[in-house]
Every structure is written in C-alpha cells, then in structure tokens.
Amino acid sequence: MDYKKSKASVTTVTRNLNQLDSETLNIYQTVMIVAKRANQISVELKHELNSKLEEFAYYTDNLEEVFENREQIEISKYYERLPKPTLIATQEFLDDDIYYRMSEPEAEE
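Everything in the sequence shown is counted per my numbering, starting at 1 for the first residue and increasing by one.
Please note that a few of the clues may not be correct.
Stated by the list, open to error - EDC-like mimics (lysine to aspartate or glutamate), calculated; alpha carbons at most 20 Å apart, straight line:
id, residue 1, residue 2
1, LYS36, ASP95
2, LYS36, GLU23
3, LYS52, GLU74
4, LYS84, GLU74
5, LYS77, GLU44
6, LYS7, GLU44
7, LYS52, GLU80
8, LYS84, GLU55
9, LYS77, GLU55
10, LYS84, ASP95
11, LYS36, GLU48
12, LYS77, GLU54
13, LYS84, ASP97
14, LYS46, GLU80
15, LYS46, GLU74
16, LYS36, ASP21
17, LYS36, ASP96
18, LYS84, ASP96
19, LYS7, GLU104
20, LYS77, GLU48
21, LYS36, ASP97
22, LYS84, GLU44
23, LYS7, ASP97
24, LYS36, GLU104
25, LYS52, GLU23
26, LYS7, ASP95
27, LYS46, ASP21
28, LYS7, GLU80
Unchecked claim - Here are the simulated distance ranges between beta carbons:
id, residue 1, residue 2, range
29, GLU55, LEU17, 18 to 26 Å
30, THR24, GLU71, 40 to 48 Å
31, GLU71, ARG15, 32 to 40 Å
32, ASN18, ILE73, 41 to 49 Å
33, ASN16, TYR100, 16 to 24 Å
34, ILE27, LYS7, 20 to 28 Å
35, PHE56, GLU23, 37 to 45 Å
36, LEU25, GLU54, 43 to 51 Å
37, VAL13, MET102, 23 to 31 Å
The set of hints was computed from the structure by calculation and includes no laboratory data.
Please read all numbers here as calculations on a predicted model, not as lab measurements.
Backbone N, C-alpha and C define an ideal beta-carbon position, used for all residues, glycine too.
The whole structure should be built from the sequences, with the hints applied where relevant.
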C-alpha cells in the first residue's frame, strides 16, 4: 500500500470510542487489531527507508571521510513527515480497510 497517499492525520486526533469498538464490540480487540497492523506498517516503512538509504552507505573505517549527503537528509525528512504507523492503522480500521478474523474458542468437552 502507498502510505504517502494515506488520509491519516499527521497529528494526534481524539477518537470516539463508540466508533472504534462498534465493529468488534470490544475496545481491547480493536486496540490489538490496530496495534498489529501498525507493527506491520512500521516494518514495511522501515524496510523501504533502509533500502533507499542503502545507496548512500559507506563501508569504510575512516570517520574523516564521512560527509553530509543532502539527498540522504531529504529522504529521511520525508519519512519523518509521514503519519505515524499507529495513525495510519487507525485510519485503515475506521475505513474498513483492515481484514482480520477472530479465532473461535475451543469447545471443552
């Protein structure tokens, strides 16, 4: 998914609990669903950022040769300005873009 085009807000927003738990009927399940999705998004964004910054990696031991790279700084700033993974996951949940399923409790005999 392209997180750059997400409708999620960049700042923290107060949410209506009744709206969040209307689908699961349990706020704790909703929080777990959003948290697991936020972890997935975080891993994807980190992998994407690391692959872009890999182009600028230096594999020398000389610290004097390390210099400031403008492109690398711009890429890092761009990813810092994106909405946080938790906000993206919450917006996806509210838009019904997250697929989840609840495991059935085992019947005791």
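Outcome of the hint check:
1. LYS36 <-> ASP95: Distance of about 16 Å is within 20 Å: holds.
2. LYS36 <-> GLU23: holds, 17 Å
3. LYS52 <-> GLU74: holds, 11 Å
4. LYS84 <-> GLU74: Answer holds: LYS84 to GLU74 is near 18 Å, not above 20 Å.
5. LYS77 <-> GLU44: Roughly 17 Å separates the two Cα atoms, so the pair holds.
6. LYS7 <-> GLU44: holds, 18 Å
7. LYS52 <-> GLU80: Holds: LYS52 and GLU80 sit about 14 Å apart, inside 20 Å.
8. LYS84 <-> GLU55: violated, 24 Å
9. LYS77 <-> GLU55: Distance ~16 Å between LYS77 and GLU55 Cα, so the pair holds.
10. LYS84 <-> ASP95: holds, 17 Å
11. LYS36 <-> GLU48: holds, 19 Å
12. LYS77 <-> GLU54: holds, 16 Å
13. LYS84 <-> ASP97: holds, 17 Å
14. LYS46 <-> GLU80: holds, 11 Å
15. LYS46 <-> GLU74: OK: LYS46 and GLU74 at ~16 Å, within 20 Å.
16. LYS36 <-> ASP21: Measuring from Cα to Cα gives roughly 16 Å; hence the hint holds.
17. LYS36 <-> ASP96: holds, 15 Å
18. LYS84 <-> ASP96: holds, 19 Å
19. LYS7 <-> GLU104: violated, 33 Å
20. LYS77 <-> GLU48: holds, 14 Å
21. LYS36 <-> ASP97: holds, 14 Å
22. LYS84 <-> GLU44: holds, 12 Å
23. LYS7 <-> ASP97: holds, 12 Å
24. LYS36 <-> GLU104: holds, 19 Å
25. LYS52 <-> GLU23: It is violated: about 38 Å lies between the C-alpha atoms, which goes past 20 Å.
26. LYS7 <-> ASP95: holds, 10 Å
27. LYS46 <-> ASP21: The hint is violated at about 29 Å.
28. LYS7 <-> GLU80: OK: LYS7 and GLU80 at ~16 Å, within 20 Å.
29. GLU55 <-> LEU17: 18 to 26 Å: Violated, at about 44 Å.
30. THR24 <-> GLU71: 40 to 48 Å: holds, 44 Å
31. GLU71 <-> ARG15: 32 to 40 Å: holds, 37 Å
32. ASN18 <-> ILE73: 41 to 49 Å: holds, 43 Å
33. ASN16 <-> TYR100: 16 to 24 Å: Between ASN16 and TYR100, where Cβ atoms are some 20 Å apart, the hint holds.
34. ILE27 <-> LYS7: 20 to 28 Å: Holds: the Cβ-Cβ distance is about 23 Å, inside 20 to 28 Å.
35. PHE56 <-> GLU23: 37 to 45 Å: holds, 43 Å
36. LEU25 <-> GLU54: 43 to 51 Å: Since the Cβ atoms of LEU25 and GLU54 sit about 45 Å apart, the hinted range of 43 to 51 Å holds.
37. VAL13 <-> MET102: 23 to 31 Å: holds, 27 Å
The structure does not agree with the numbered hints 8, 19, 25, 27, 29 stated previously, though it agrees with the rest.
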